[in-house]
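Chains as they are written, first to last, in UniProt numbering: chain A, 1 to 126; chain B, 1 to 334.
A hint or two may mislead.
As the list claims (entries may be wrong) - For each label pair, taking beta carbons as the anchor points, the in silico distance ranges come out as:
(1) A:R47 / B:I155: 51 to 57 angstroms
(2) B:T230 / A:A121: 43 to 49 angstroms
(3) A:R65 / B:G49: 28 to 34 angstroms
(4) A:A110 / B:A275: 51 to 57 angstroms
(5) B:G260 / A:A121: 51 to 57 angstroms
(6) A:S32 / B:L99: 31 to 37 angstroms
(7) B:Q66 / A:A106: 40 to 46 angstroms
(8) B:A239 / A:S32: 37 to 43 angstroms
(9) A:N84 / B:K5: 20 to 26 angstroms
(10) A:A106 / B:G260: 50 to 56 angstroms
The set of hints was computed from the structure by calculation and includes no laboratory data. Backbone N, C-alpha and C define an ideal beta-carbon position, used for all residues, glycine too.
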Amino acid sequence: MTEAAMKSVYEQIGGEPAMAAAVDVFYRKVLSDDRISHFFEDVDMERQAAKQKAFLTMVTGGPSRYSGRDMRAGHAHLVAQGLNDMHFDAVAGHLKETLEELGVPAPLVARVLTIAESARADVLNR
Amino acid sequence: MAKVKHESQWYPLEAGESVLDGLLRQGVSVPNSCRAGACQSCLMKAVRGTVPEAARVGLKDTLVAQGYFLACTCRPTEGAELEVAGAEDLRVPARITSLTMLSSDVLRVRLHADAPFEYRAGQYLSLVRGDGLARSYSLASLPHEGVLELHVRLIPGGEMSGWLATEARPGDAVHVQGPAGNCFYVPGRPEQPLLLAGAGTGLAPLYGIVRDALGAGHTGPIWLFHGARTPAGLYLRDALRELAERHPHFHYRPSVLTGGSRDVAEGALDVLIRAECPKPVGYRAWLCGDPQLVLSLRKKLFLSGLSLKDLHADSFLPSAPQVETTASSASGAR
């Protein structure tokens with residue numbers, strides 16, 4: 001196994017500075033999507049952007065304190081509001097587009113999406 | 001039950017009550033204004049006991065190190081005992097030097113600080129009257145000007161603005177405390193386009209920031225959008241026009257909701273901004289004034305391409321809405 005393959009996607013795509021660049025692009029896509037923007041109506045944009053950054057950090061394998069239990073607790077109120085697979089797919093789609101736009105190589109994008117997919121059950125509280 | 005000791009007397013706090021609310025309820029005078037952890041008027045010092053982390057959010061490290069905290073966001077845990085003192089040490093004595101109307105409802109207050117008061121153009125301070133009444137105002141002046149300039153909107157029934165407009169006179173002694181706020185120009189990237197937008201007295205900090213940027217040799221285009229309901233609500237128009245004539249890369253765009261003219265655009269501020277700056281990618285922006293407007297503009301500018309790290313916003317929170325509620329419900333019960 002090469003050294004590159006051992007490193008997390010987070011490290012390979014440039015760590016924190018890359019996340020900072022990605023969060024703007026990703027959050028903008030999410031807020032502009034009528035299917036899901038109502039879940040992000042939190043007026044405190046700074047805090048919401050910080051959450052998006054923590055999410056990106058987690059799915060790219062960076063230093064993150066998220067656990068499955070946090071994911072469940074953090075989304076329970078949204079599930080009560082009707083959060084479902086369609087919404088999850090929309091966010092995953094924006095994540096894929098964001099990484100592609102930022103020039104992340106396809107195999108790394110695929111790995112990130114696999115990690116995101118593994119959170120589906122927790123996010124949807126199933 | 002948590003309790004707070006202030007000037008040798010203990011005051012019990014109700015469950016979940018803030019130090020500020022508890023002290024005010026029991027007749028202790030504590031300067032305060034926004035009650036949302038922003039204006040820092042209610043700064044106090046913890047002499048003994050532990051202060052929750054939330055009560056120190058936004059304070060400078062140097063203040064935290066000395067035990068300062070915000071009384072409005074300080075909700076001590078059950079059973080906690082806290083000894084507090086006021087922040088009088090941090091106040092700088094000042095004198096009113098002039099009071100001039102800039103429009104029918106905006107008063108220009110100029111102050112002279114009797115001790116050094118360091119700030120960045122665009123920050124705000126707390127103005128503290130002799131009896132402890134405090135309100136936050138943005139600074140419209142530049143530090144090197146040697147004068148502190150505030151633009152005070154006259155609010156019907158407003159205690160501080162009413163006093164300034166009718167009773168205060170040049171020479172009157174007050175105190176200033178601060179500064180606070182993150183809306184200021186930082187030199188660097190002089191070619192970057194700048195976008196400043198605000199309504200009403202949201203112009204005050206923007207007026208400081210524009211002149212600060214021009215003084216620092218900013219070469220990129222600078223857009224200033226000032227909105228008001230009617231033309232009477234616009235002020236400093238001549239000064240800003242002159243500034244724009246002297247600096248061709250500075251664009252001043254006054255706008256009103258009704259009563260526009262050849263010189264003043266008519267319509268919503270965000271529509272005007274979109275027409276003049278359709279794609280603000282790579283801009284640096286400052287938004288000041290009414291919270292609804294600031295939040296809405298911030299979201300629109302972000303969605304149209306401005307990076308969050310380049311978006312600086314200061315909402316003007318109304319002062320002490322809870323005091324009025326408490327006062328009216330208390331009088332209703334009598």
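Cross-check of the supplied hints:
1. A:R47 / B:I155: 51 to 57 angstroms: Since R47 of chain A and I155 of chain B have Cβ atoms about 30 angstroms apart, the given range 51 to 57 angstroms is violated.
2. B:T230 / A:A121: 43 to 49 angstroms: For T230 of chain B and A121 of chain A the Cβ distance comes to about 57 angstroms; the hint is violated.
3. A:R65 / B:G49: 28 to 34 angstroms: Holds: the Cβ-Cβ distance is about 29 angstroms, inside 28 to 34 angstroms.
4. A:A110 / B:A275: 51 to 57 angstroms: violated, 43 angstroms
5. B:G260 / A:A121: 51 to 57 angstroms: holds, 56 angstroms
6. A:S32 / B:L99: 31 to 37 angstroms: violated, 47 angstroms
7. B:Q66 / A:A106: 40 to 46 angstroms: violated, 54 angstroms
8. B:A239 / A:S32: 37 to 43 angstroms: holds, 39 angstroms
9. A:N84 / B:K5: 20 to 26 angstroms: violated, 53 angstroms
10. A:A106 / B:G260: 50 to 56 angstroms: holds, 53 angstroms
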